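Construct the entire structure; sequences and hints are all you get.
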Amino acid sequence: RRGPVWGGPPLPSGITALGSHEDYTIIACGSSVYVYRRAELLATLTGEHEAPVRHLLTMGSTLISVCAQGLVVAWQLPDGAVICQVHAGFTPTALLHPATYLNKVLLGSPSGVMQLWNMRSRARVHEFDRGWGSAVTALAQSPALDVVAAGLADGRLFLINLKYDTTLLELRHDDGDAVRSLAFRTDGPAWLVSGAASGALPPWPLG
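Read in order, the letters of the sequence shown correspond to residues 1 to 207 in our numbering.
One or more hints might be untrue.
Now the in silico label distances, taken between C-beta atoms and shown as ranges [unchecked claim]:
no., residue 1, residue 2, range
1, Ala68, Ala190, 32 to 38 Å
2, Leu18, Asn118, 36 to 42 Å
3, Leu102, Arg180, 24 to 30 Å
4, Asp165, Ser61, 28 to 34 Å
5, Glu127, Asp175, 29 to 35 Å
Rather than coming from a laboratory, the hints here were simulated on the basis of the structure. Predicted model only: the values in this text are computed from it and were never measured. Note that CB positions come from ideal geometry on N, CA and C, so glycine has one too.
Here's what the structure looks like:
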């Protein structure tokens, strides 16, 4: 029989982002972030964001949160100690921890520019300005190191080599249907699946 496994007390307002790490569940609610182990509240992360948190990302035991004002905060899990905070000069619309890129997070912007930041040193490592002119709405790590997929609000998709800052492939949704999510197949032939705003899930063979 199917049903809820466990439940916790209601939060003070609507949930704006979800994340997980090992057996932790991480929930953004307003400007606060709550860290649970099952229904047990381990930590409430507050005092850094002054706007609703829109994105959560885990990099090992480090949690990255991004609020509507563009502040990016790195927290230590599970206690919530603040590691650092940065502001890229824009409000990130997508983020990704590239595989093997220690302590680094890739931030996508409303203009199509992407920036790679080291969250330990608070340093911007590189800016990727491909002249896209459309918001980065989705990012995904490919099975190949240094290669990521980026999806845009205007329906275009790109495969990018971060190490060499080069575009490997450009694809496009029909009718400019905005990209909402991206995922790579990892158990067989190379495929990329993109989620469109219309609900379509077009597969793209990469072999």
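Tested hints:
1. Ala68 - Ala190: 32 to 38 Å: holds, 36 Å
2. Leu18 - Asn118: 36 to 42 Å: violated, 26 Å
3. Leu102 - Arg180: 24 to 30 Å: holds, 29 Å
4. Asp165 - Ser61: 28 to 34 Å: holds, 30 Å
5. Glu127 - Asp175: 29 to 35 Å: holds, 31 Å
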